[in-house]
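Protein chains: 2
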Amino acid sequence: MYTEKTVREFLDALASKEAVPGGGSGAALSGAQAAALVSMVCNLTIGKKGYEAMQDALTRVLERSEAIRRELLDLLEDDTQVYGRVMEAYRLPRKTAEEKEARETAMQSALKAAAEVPLTIAERCAQVVELALPAAEMGNQWAVSDAGVSALLAEAAMYAALLNVTINLSSIRDEAYVAATRKCMEEITWAKTDTRDRVLAIVNDKIGA
Amino acid sequence: MYTEKTVREFLDALASKEAVPGGGSGAALSGAQAAALVSMVCNLTIGKKGYEAMQDALTRVLERSEAIRRELLDLLEDDTQVYGRVMEAYRLPRKTAEEKEARETAMQSALKAAAEVPLTIAERCAQVVELALPAAEMGNQWAVSDAGVSALLAEAAMYAALLNVTINLSSIRDEAYVAATRKCMEEITWAKTDTRDRVLAIVNDKIGA
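Residue numbers (the working numbering), protein chains in the order written: chain W, 24 to 232; chain Y, 24 to 232.
These are computed hints drawn from the structure, not numbers from a lab. Keep in mind that the hints are not guaranteed to be accurate.
Pairs count within a copy or across copies, as identical chains cannot be separated in the list.
Claimed, not checked - Result set (DMTMM-like, lysine to aspartate or glutamate): computed pairs, CA atoms no more than 25 Å apart in a straight line:
no.	residue 1	residue 2
1	K135	E209
2	K135	E198
3	K72	E111
4	K40	D228
5	K40	E160
6	K135	D197
The model shown is predicted, which means the values in this text are computed figures rather than measured ones.
Chain W extracted, bound-state conformation (with noise of 0.2 Å):
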């Protein structure tokens, strides 16, 4: 398990010539920051004195934010096993016509799944760039540059996902499903660099930037 390793082991890992984790394990460790981030935010902010009103909308946010970050590190995980099954699909023989037609089979297959988790971590990050708004609008302030940072990370992190996306759909020749990918990938990411945008004017008024 990558996220049992320490910080530094994890890093050593990501900087191997192993090919995992890659970016996708990146984009999903960088997601879950975000996501922690928000939390930090909310958990600065509920019970403290003056912020009573934000407490419920706060409640809810730090719930969504928990959620997304221990999905987000399971997503960081299956980001290296669906690496793994392509790599073992790609090794499959291929002499006689029906070993190429089965390794090929099992290739689009594994890209498919390949394709699906980057997908959700972009996802997931995409949703926490919705949740750095409301930590910014209505968290401590003392914390509101790290609303920002959240904003910031999880942004990026989602489009960092999606570059994991794209480059397995280049292999898929399943035209339907590469269609429906991109129109899914234009979903996730619709008005997120907006919002980010909103976040860090927020934090940028209320820092005195």
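Chain Y: place on chain W using the hints.
Then chain Y, alone, in the frame of chain W:
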């Protein structure tokens, strides 16, 4: 040492109601991940057939990315330390005029240290954005998306770190120091978003987006 915690524990600490680790450390970790991904692209290219001409240049890139990765992990720890110093100064007694003055002096000194660490984090992240460019241009085609992930995460982490500079600057009274730091921030960010976009254009071209 936060970098000796497991990934899961580090995220728990980030999400908790403790003020450290906070957004500065989160930015440092995302920057370190971005540096690790540049290293990974280099490690997947150096010594590989077809990439002989890139070997020397990418060996130099790898040396830099690995040095920056180590620095960013040290800066992650430093950021938790300097915040502690601000909190310590904040808690100093302030009954007499002498106490008030001593407290203010301690606060101002601690705030400068708390601004300088994320400023250095931002500078290192900016350097990673620059390193992602040769990684995307010359790196192994199979790993090119990782160079894109690196550029995305490093650019976002750079701006994330700078939010933590700005929030500290807002309480620093030394106007010359504030002006010099703001100038430094401009120099750090100069053209980095353009460089990120150049990296992404190369990556998208190579992965057939």
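Under a CA distance limit of 25 Å, which applies to K135 and E198: within one copy, between copies, both, or neither?
-> within (12 Å within a copy, 56 Å between copies)
Measure nothing new, just compare the shortest in-copy and cross-copy C-alpha distances for K40 and D228 to 25 Å and report within, between, both or neither.
-> between (44 Å within a copy, 24 Å between copies)
K135 and E209: within-copy, between-copy, both or neither at 25 Å Cα | Result: close within a single copy only, 18 Å intra versus 43 Å inter.
Is it within, between, both, or neither for K40 and E160, if the alpha carbons may be no more than 25 Å apart?
-> between (43 Å within a copy, 18 Å between copies)
25 Å Cα threshold - placement of D197 relative to K135 = Answer is within; shortest intra-copy Cα gap is 9 Å, inter-copy 57 Å.
Is it within a copy, between copies, both, or neither that the alpha carbon of K72 lies no farther than 25 Å from that of E111?
-> between (56 Å within a copy, 22 Å between copies)
Checked against the numbered hints listed earlier, the structure breaks none of them; every hint is satisfied.
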